[in-house]
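*Asks:* Starting from the known structure of chain A, fit chain B onto it as the hints suggest.
Each protein sequence line maps, in turn, to chains A and B. Quick note, the first sequence lines up with residues 1 to 213 if you use this note's numbering. Quick note, the second sequence lines up with residues 1 to 159 if you use this note's numbering.
Just so you know, not all the hints are guaranteed correct.
[Claimed, not checked] Chain B is faced by these chain A residues, among others (derived, beta-carbon under 8 Å): (1) ILE5; (2) ALA26; (3) LEU39; (4) ALA81; (5) GLU90.
[Claimed, not checked] So, partial list: chain B residues that the calculated Cβ filter (under 7 Å) puts toward chain A: (6) LEU5; (7) LEU12; (8) LEU44; (9) TYR47; (10) ARG105; (11) CYS137.
FYI, nobody ran anything at the bench for these hints, they're computed from the structure. Using N, Cα and C, we set each Cβ at its ideal position, and we do this for glycine too.
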Amino acid sequence: MNEQIETALRGGPTGEEDLAREACAAAGRLAERIGDEGLADVAFAAVDSPFGRLHAAVTRRGLVRVAFPEEDPDTLLEGLARRISPRIVESPKRLDDVRRELEDYFDGRRRDFDVSLDWSLIGPFGRRVLRATSEIPYGGSLSYAEVAAEAGSPRGSRAAGNALGANPIPIVIPCHRVLRSGGALGGYGGGLDRKRWLLELEGALTPPPDGRG
Amino acid sequence: MTRALPPFQRFLDANREPVWRFLVSSVGPHEAEDCFQETFISALRAYPRLRPDSNLRAWVMTIAHRKALDAHRGRARRAVPLADPEAAGGRVQEAPPGRDETLWRAVGDLPARQRSAVVLRYIADLPHRDIAQAIGCSEEAARRSLHEGLAKLRKAVPA
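In isolation and in its complexed conformation, chain A is listed as follows:
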């Protein structure tokens, strides 16, 4: 009898699958409430894009991170937890503005982003470089040397390249608009195909005649 009771207890008051589904739904409602009431320090969500599924994260200050699809979400979250706060929840609603602006941008309907940014993942030199980068207008480009000069380090084009490569908010801080002097693409954290695609979207590069890319 003892074992019967224990088995019945383990089964729970409703079926196993029901419990799992209800728990999942309750956790979803909870995460939404946490997002709505601003109880989390960081909110993240997936954002669809022509590159696949991006992940974006916002703090109370603004957009703090955009990650390309190859980035492992767990590693991304662990990094945010360590560097900003472990109070981080998935909250698609809090990313609505970011999602809308990115969609408009990818569809060619938006040239500038209005969402506020949180620069806290960017060091002092990186800030100078990326602030200079964010001044480059849609459709324009600067060389690494020019960006370094704008950032106050005229001989720091290699360091500027590193700061651009470490951009935590790609696309929105348009590091794809920085090219080699002479026009070669240089590098890109999200891969050169994407850099080319973004520059073609903005009309800064002409697509090759065979329509590749």
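*Replies:* Below, chain B without anything else, positioned relative to chain A:
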């Protein structure tokens, strides 16, 4: 690298089921939702102050256990005006519906500590050490509560 607290979302992913199971079993399906939200919102507020090597499962179960006690106390308070026939007429069935209503009604009728010990052991699948932490007693006392709770259930539920 030193161990860091997992992102709260991952902590929620890993603990939502045992917490939900515990709450549905100990306060019933109607009150489980509120208790669940309050449990994790309390956890979220305190989260950054936790030591990274804390036993997170036992910690969140401690909070859930307290919320369940609050719910039971609230229910006891609300039960008074049920003498009013109109209110009594609208009284909802408190025992969770399901496979074995007698058993779950008997679980609901257990004294708080025994109920929590039984539910934490069999529903949330916690080891005795964590049950003791969650209900705030020694491991031996937790074993005793569990044993006494099971004995009562055996009596209450016909074979």
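*Asks:* All the hints need checking, so say for each whether the structure fits it.
*Replies:* Now for the hints, and whether the structure bears them out:
no. : hint   : verdict
1   : ILE5   : 5 Å, holds
2   : ALA26  : 5 Å, holds
3   : LEU39  : 6 Å, holds
4   : ALA81  : 4 Å, holds
5   : GLU90  : 5 Å, holds
6   : LEU5   : 4 Å, holds
7   : LEU12  : 6 Å, holds
8   : LEU44  : 6 Å, holds
9   : TYR47  : 6 Å, holds
10  : ARG105 : 10 Å, violated
11  : CYS137 : 20 Å, violated
Of the numbered hints listed earlier, those contradicted by the structure are 10 and 11.
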